[in-house]
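A.B. asks: All chains should be modelled from the sequences, with the hints used to inform the complete structure.
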Amino acid sequence: MEKNGKLWKMACIVFAASLLLGTLAANLTGKNGQGSWELYFTQVGDALKQQDFARESYFFYILRLRLMEVGAIWLLSMTAFGSVSLWASMGWIGFTTGVRISLGTMVFGRTGILYFLCSILPQALFYVPALILLYARGFQIYSFMRKQKDWGQYRRIRMPKDILLLLITLLCLLPGIICECYINPLLLKIYF
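Position one of the sequence shown corresponds to residue 209 (the working numbering), numbered consecutively onward.
Hints are computed from structural coordinates only; laboratory data are not their basis.
For each residue, glycine too, the CB sits at the ideal point set by N, CA and C.
This list has only true hints and no planted wrong ones.
Okay, the calculated beta carbon distance ranges per label pair:
#, residue 1, residue 2, range
1, Leu-375, Lys-214, 27 to 33 Å
2, Tyr-269, Arg-366, 30 to 36 Å
3, Met-276, Tyr-390, 17 to 23 Å
4, Ile-221, Tyr-399, 32 to 38 Å
5, Lys-214, Glu-277, 23 to 29 Å
C.D. replies: Now the structure itself:
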């Protein structure tokens, strides 16, 4: 249990460091990259105001995208690159979060943080537990394989639990996808 506590502390450090790195990357581009991001944000805002996209096709697009992301992390965590894939995906989430917060603030000023919260908040309530389950499982595999190094033994001991955990992860993911497709555009349309 002590080892898992250390892994979670390291995970928080990786996320915080990559968040800081993303913030620095966005701020170092400064005014040079701001014009293209302003154009992007205004185009997104215009598209949301017009709301001409088909919600069903957008839902299936987001569903496919999120299932591919979770599936890739899930499968990679069972390989020799499992720990690397977990750290890399955690770092990427932190980096993109830092970039989005900084660019939202550069483009919208103080309301940029509200823009960021409106763009992630409803689905984050469901995605964060799904990611915690996904990373907890990956860290358990990592710890188990460091001790045992026997994949056959892992399958006999943990695979039924992993399948149940995958179903729970997908059940956490589905309401997040629904929020991302149907509630998010409404929030962004109301506030921006």
